[in-house]
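Asker: Read off the chains here:
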Amino acid sequence: MAFTLFRGIQTRPLLPYSSAFTARKHVIFCSMQSTQTETSMKTKQQAPSNFTETARAKAVEKVLKDYEAIIGIETHVQLSTTTKAFCSCAYNYGSQPNSCVCPVCMGLPGALPVLNSKVIEYAVMLGLALNCKLSLSSKFDRKQYFYPDLPKGYQISQFDIPIASNGFIDVDLPLEFGGGHRRFGITRVHMEEDAGKLLHTGSGSFSQVDLNRAGVPLLEIVSEPDMRTGIEAAEYAAELQRVVRYLGVSNGNMQEGSLRCDVNVSIRPIGQLEFGTKVEIKNLNSFSAMSRAIDFEIARQAELYNQGQADEVVQETRLWEEGAQKTVTMRKKEGLADYRYFPEPDLPEVVLTEEYVNGIRESLPELPEMKRRRYEEMGLTMQDVLFLANDVNVAEFFDATIAKVADIKLAANWIMGDIAAYMKNEKLSINEIKLSPQELSELIASIKSGTISGKIGKEILLELMAKGGTVKGLIEEKDLVQIVDPVEIEKIVDKVIANNPKQLEQYRGGKTKLQGFFAGQVMKESKGKANPGLVNKILIEKLNAKS
Amino acid sequence: MLSSIQNPRIFLHHCHRHYTTTITATSQIQTIQKSILSREKTTRQFAEQFLNRLHQTEPQIKSFLHISQTVLHEADEIDRKIERNEHVGPLAGVLVAVKDNICTSDMPSTAGSKLLEDYRPAYDATAVKKMKEHGAIVVGKTNLDEFGMGSSTEGSAYQVTANPWNLECVPGGSSGGSAAAVAARQCVVSLGSDTGGSVRQPASFCGVVGLKPTYGRVSRYGLVAYASSLDVIGCFGSSVADAGILLQSICGHDKLDATSSKREVNDFTSQFVSKDYFESQPLKGLRVGVISETLGDGVDQEVVSSIRGAISHLEGLGCTVTEVSLPSFSLGLPAYYVLASSESSSNLSRYDGVRYGNQAVSDELSSLYGGSRANGFGPEVKRRILMGTYALSAGYYDAYYKRAQQVRTIVKKSFKEALDSHDILISPAAPSAAYKIGEKKNDPLAMYAGDIMTVNVNLAGLPALVLPCGFAKNGTASLPVGFQMIGAAFDEEKLLRVGHIFEQTLQGYSFIPPLIADEFKC
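Taken in sequence, the protein lines are chains A and B.
Note that UniProt numbering gives residue 339 to position 339 of the first sequence, counting from 1, and the numbers run on in steps of one.
Note that UniProt numbering gives residue 22 to position 22 of the second sequence, counting from 1, and the numbers run on in steps of one.
Source of the hints: derived by calculation from the structure; they are not laboratory data.
Think of the CB as a built atom: it goes at the ideal place given N, C-alpha and C, for glycine as much as any other residue.
Just to be clear, a hint being listed does not mean it is correct.
[Unchecked claim] DEER-style ranges, computed between Cβ atoms:
no., chain 1, residue 1, chain 2, residue 2, range
1, A, Y147, B, N266, 30 to 40 Å
2, B, R383, A, F146, 13 to 23 Å
3, A, F146, B, S105, 53 to 63 Å
4, B, R120, A, Y147, 56 to 66 Å
5, A, T329, B, Y396, 28 to 38 Å
6, A, Q96, B, S105, 18 to 28 Å
7, B, S280, A, L136, 51 to 61 Å
8, B, T409, A, F146, 30 to 40 Å
9, A, Y145, B, R403, 22 to 32 Å
10, B, R120, A, T82, 22 to 32 Å
11, B, Y396, A, E362, 54 to 64 Å
12, B, Y396, A, E321, 37 to 47 Å
[Claimed, not checked] Taking lysine-lysine and the BS3-like style, the derived pairs with C-alpha atoms no more than 30 Å apart in a straight line are:
no., chain 1, residue 1, chain 2, residue 2
13, B, K382, A, K118
14, B, K436, A, K143
15, B, K440, A, K143
16, A, K197, B, K413
17, A, K118, B, K129
18, B, K416, A, K139
19, B, K41, A, K143
20, A, K511, A, K524
21, B, K413, A, K139
22, A, K139, B, K441
23, B, K416, A, K197
24, A, K139, B, K382
25, A, K139, B, K412
Construct the entire structure; sequences and hints are all you get.
Answerer: Here's what the structure looks like:
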C-alpha cells in the first residue's frame, strides 16, 4: 500500500501552525501569525532571491499602469464535522488509506446518501458570516463526470440554487502593503462532497485510490471578480480562513487541503469594459503562493498582450510550480465541460425555517471584522489590531486578559512581545502555553501596582508559560516582592558604593555614565527586587552627594 | 355476476380440501405460522415441500440466479426455537425469494448484469434485513432484466425465465423471476422492485398478487438504483394477505434512506376480514373509478373483458363504479422513459470497474472505463444510458428532462384529483397477457409501450395492487390477467382490504399454473 500523500505534500508531523512562516525573521510577530493564519503579510515561503522578487514586483507595478487585473477565487473549505456529509464515517486527515469508508462513501450498489445536518448548520453559519442571502429552500444536484477518485461517478453538489448567495467580506490589507480597507463580493456559497485521492506509485506504472476523503463535506465559496492584485487575493483568502476558524466550521489548514483556492485571472487594458480571457490557476498551497502566482500570471499575460500575442492567452487551467516560481499549462479547455447537472433524487429539498436561521444568527461569535473594528475603537494601533485579531485564539486570550482590569495597551504588548516570542521559540500555540489570561492580567496588575518590577515580571512570565502556576504563588514562593522601602534600598546603595570606591571616584571625576553600572550592581544585590525608580533616585542622590 | 368473465381455467367448486378451494384467498404465511406454532408441521417440512417443488420446476422456469444452500439449516434453527418456546417472528419459516437487484450479504447480487457477476454486497438491504429479523428464510435470488430495465426478464445477462403458465411465454418483467417463483410455488412470497411496473406487470402475467407500495413506504437502501425517484421495493404473494403481511414486515422509516417516509405504519393485516364474516355487500359505498383511457385502443380485448368482469364483481360487492378520465395518462409513458433513463444514466455511472465488478484489462483510464462498461452492460442498459445522457445534456435538458418533470407534476395532480373523488382507481396491469419469448425482444418501442398501464403510478408515487381476475386466450392455452387498483398515497391499507375481499369472493378461478396443479388437486 502506498502511504505517500497525494500531490507531493510532504509527510511531516501535524503541527498546528505552518512551518513555512516560522523561518521568517524580519517581521517580529510573524511567528505568532503563522501559528494560526498564514497571511499574505508574511509570505514568501521558500523565498526566491530578493532580486527576482523585486523584479517581479516592479514588473507587476509597471504592468498595472496599463492593465487592470481581474481576479476571482473559488475556495473549497473542508468542514470539521465529526462525520462525513452523507454517511456516518469519521474522517481524520492522514489515516491509513481506505480506513474511513463505508458502502455509502464507496458508492457501493444500493447505498444511499443521508445528509448530515451539521453540514447545513455550518453552511448557514458561513453564509451569515459572509453577509449572504440564504435560500430558505435549496436542493442538491448531481454533477457528473468520470474519475477514479469519484466513486459514484457524480459529485453531490448544489447547482442552480446554492444555500447562500450575494454576500461580501471585509478585509484590512496589511500595512506593509499600504494598508486600507476592502470589501469583496461573494457570489455564492454551496454545499458539496469531496472526492477521494489518487495515490501514484513511484514507478508511475499504476495508481491507487484512497477513498477516505470521499464524501467529506465541503463548502465552496465563489467570490465576485473583485480582486485586482495578488495581495488582495491572498488577503481575501486569509480573511476567509480567519472567518471559518472564528466560526469553528473548519481548521482552514491549507497544507492538509482543508482550505483550497483556485484562482481565475484575466487582464484588460485600463478603461476597457469587457473582460479578457481568463486563466484558472491551481495548486496554490499557501497564501504566499497565491499572491506570487497571480503576480506571475498578470505579468505573463501582459507580456503576451504587449507583444501583440493576445490570442495566446487562452482559457485554460494552469498549475503553479513552486520550485520554478511560475505557472505552466495543465489542461486546455475544449469548450465548456458538460456536467449534466440534475436534481439529486436521493435527497429531499433543504428547507430552512426563519427560526432556525435566526437561532444560528444569534449564536454567531464575534467575527474578525467586528473584532478589528472593536480593537480599533479601543485605541489600539492598526498593527496591533491586525495582529491580535488574526488568530481567534490569540484574540480570545487578549479579550480574556483585558476582561477585568488589565491595561489594554500593556496586554497587547505582552502578547505581541514576550508571549509571541516564546510561542515562536517553543513552537506552541497560545492554547498550548500554560499561562492563562487571568494570570497575565494579574501579572500586569502586579507590575503596575509596583508589587514586582517589570524585569521580575518577565521572569515570572516565562515560568508561567512553561510551567503554569499563579503570579501570587510565584511571588511568594520566590520571595520576589519588590523592595519599595527607601531605607532598605538606601542600605543596599550604600553597600554598593562602599564596595566600589574606584568606580565612585571615576563617577565623581565626571564619568557619569557609570550610574548605570551602580544601578546594575544595586539590582544585582537586591536580586532584582529593588524598585528601579527608587534605586535611581537614591543612587543619584548618593553619588552626587559631596561627602 | 360472473357471467362476463371469460374462460375460467379450472373449476374447483367440487373440491373441498382447504388448499384447493381457497388457494388464492388464504394466506400461506398464516397457514405456516399456525402449523409450526401448533407443531402440527415443522418448518423443515414446509421448507422441504417448497424446495422439492423448486428443484422440480426450476430447470424449466429458471426463475433463480442463485439458490441458497442453507434453507433447511435455517428452518431447523426455527424449529429448535419453537421447541424451546422462544419467540419467532411473523415470517418464521416463510421462504422468500429476493430479486437479484436487492442486496444480500450472504449471496451474490448481480442485478442481472455481467458487470456485477459474482459481486457480493457487504450488507443486507434494509428490506431483507427486516424480513430476516422477522424470521424469513431467503431461498434465493431471482432473475430480472438487467438493472430492472425491461418488461420481460429477457434482458437478463444470465438466463431467460419462463412463464409457469406457459413455458413459451415471458413471465413479464423486470421482476419476472420473483413473479414466476411465486406462481410456481417455488417460494411463499418474494420481493421485487417496481420503477415503472416491474412488480405489477409480471404479477399480472404470472397470475399472482403484486403490490407496489407508495414511494417512500419501503426503504430503498440496498436496492440497486435504477431510477431513484421512481424505484420502490414491492411484494409478490399468492394472496393479497401474503403480500400485505410481507409489506408490513419491510415497510417503515429507515434512517439510511432519506426518501423513506416517517409516517406511521398501520397494521394492514388487522383489516383482513374472513369471508365468513362478510355482509352481503362488504364494499358498499366504495367509490371506484375506472380510468377510461386504459380500456380503449391498443388494449387486448380479452384483457378488457377480464377487467370488465372484475368491475362487475366489485359492483356485486357493493362498490359504486364510475368511469374517470385522466387526460394526461398517455403523456406518462414518454415522460417516464425520459426521467427513468436520465436518472439511470447517472445511477449507473458508478459501474466503472474501478472498485468492484468486472474490470476490463487496460493500461489507460478511458479504455478501462469504456472497456469495463462496454463488456459489462447489455444492449437495453446501454440504450437507456445513452437516452438519459442525451436528455440531461446541455442544450437538451429543458426540452427533455425539465419537460418530463413538468408532465410528472401534471400526472401527479390529475391522479390527486381523481383520488379525491374516488377511493380507488382501476385499470388493467398491462395491455395484454404474457407474450411469447422473443416476440418483443428486438422491438424496444413495443416493449416500452407495454408499460403504459403502470408508469403513471410511479410518476405519481402512488400505491397499487395488482391481483389476478381472469384469463386471456393465448393460442391453445390461457394466460392469467390481473387488474390494477390504485390508491391514494400511503393508503395501502385500503387497497389490501378491498383486494382481500375481492380475492376471497372471486369464485370459480384457480390461479395455480397447470405445471404444478397436480400437487394441489384433491
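Asker: Next step is simple, just say for each hint if it's right about the structure.
Answerer: Now the hints, each set against the structure:
1. Checked against the hint of 30 to 40 Å, the C-beta distance between A/Y147 and B/N266 comes to roughly 46 Å, which is inconsistent with it.
2. The hinted window of 13 to 23 Å between B/R383 and A/F146 holds, with their beta carbons roughly 19 Å apart.
3. Separated by about 28 Å at the C-beta atoms, A/F146 and B/S105 break the suggested range of 53 to 63 Å.
4. Taking the beta carbon of each, B/R120 and A/Y147 are about 26 Å apart, not inside 56 to 66 Å as hinted.
5. Between A/T329 and B/Y396 the beta carbon distance is about 32 Å. The supplied range of 28 to 38 Å therefore holds.
6. Distance hint for A/Q96 and B/S105: a CB-CB separation of about 24 Å, consistent with the stated range 18 to 28 Å.
7. Take B/S280 and A/L136: their Cβ atoms lie about 55 Å apart, and the range 51 to 61 Å holds.
8. Our hint of 30 to 40 Å for B/T409 and A/F146 holds, since their Cβ atoms are close to 32 Å apart.
9. For A/Y145 and B/R403, the hinted distance range of 22 to 32 Å is satisfied, since their beta carbons lie about 25 Å from each other.
10. Checking the proposed 22 to 32 Å range against B/R120 and A/T82 shows it holds: the Cβ atoms sit about 31 Å from each other.
11. Look at B/Y396 against A/E362: about 46 Å separates their beta carbons, and that is not inside 54 to 64 Å.
12. Taking 37 to 47 Å as the suggested C-beta distance range, the pair B/Y396 and A/E321 conforms, at roughly 40 Å.
13. Only pairs whose Cα atoms come within 30 Å are accepted, and B/K382 paired with A/K118 is rejected, the gap being roughly 39 Å.
14. Note on B/K436 and A/K143: the hinted pairing is violated, with a Cα-Cα distance of about 42 Å set against a maximum of 30 Å.
15. Under the criterion of a C-alpha separation no larger than 30 Å, the hint pairing B/K440 with A/K143 is inconsistent with the structure, at around 36 Å.
16. Between A/K197 and B/K413 the CA atoms are separated by roughly 45 Å; this puts the pair beyond 30 Å, and the hint is violated.
17. Pair hint A/K118 plus B/K129 holds up; C-alpha atoms about 28 Å apart against a cutoff of 30 Å.
18. Between B/K416 and A/K139, the direct Cα distance comes to roughly 25 Å. Compliance with the 30 Å bound is thereby established for this hinted pair.
19. A C-alpha spacing of about 56 Å is found between B/K41 and A/K143, which places the hinted pair above 30 Å, so the restraint is violated.
20. For the proposed pair A/K511 and A/K524, the alpha carbon gap of about 21 Å is at most 30 Å, so the pair holds.
21. Restraint check: the Cα-Cα separation between B/K413 and A/K139 comes to about 22 Å, which is no more than 30 Å; the hinted pair holds.
22. As the CA atoms of A/K139 and B/K441 are separated by approximately 39 Å, the hinted pair breaks the 30 Å bound.
23. Restraint check for B/K416 and A/K197: the C-alpha separation of about 47 Å exceeds 30 Å, so the hint is violated.
24. About 29 Å separates the Cα atoms of A/K139 and B/K382, which keeps this hinted pair within 30 Å; it holds.
25. With a CA separation close to 21 Å, the supplied pair A/K139 and B/K412 stays within the 30 Å bound.
Checked against the numbered hints above, the structure breaks hints 1, 3, 4, 11, 13, 14, 15, 16, 19, 22, 23 and satisfies the rest.
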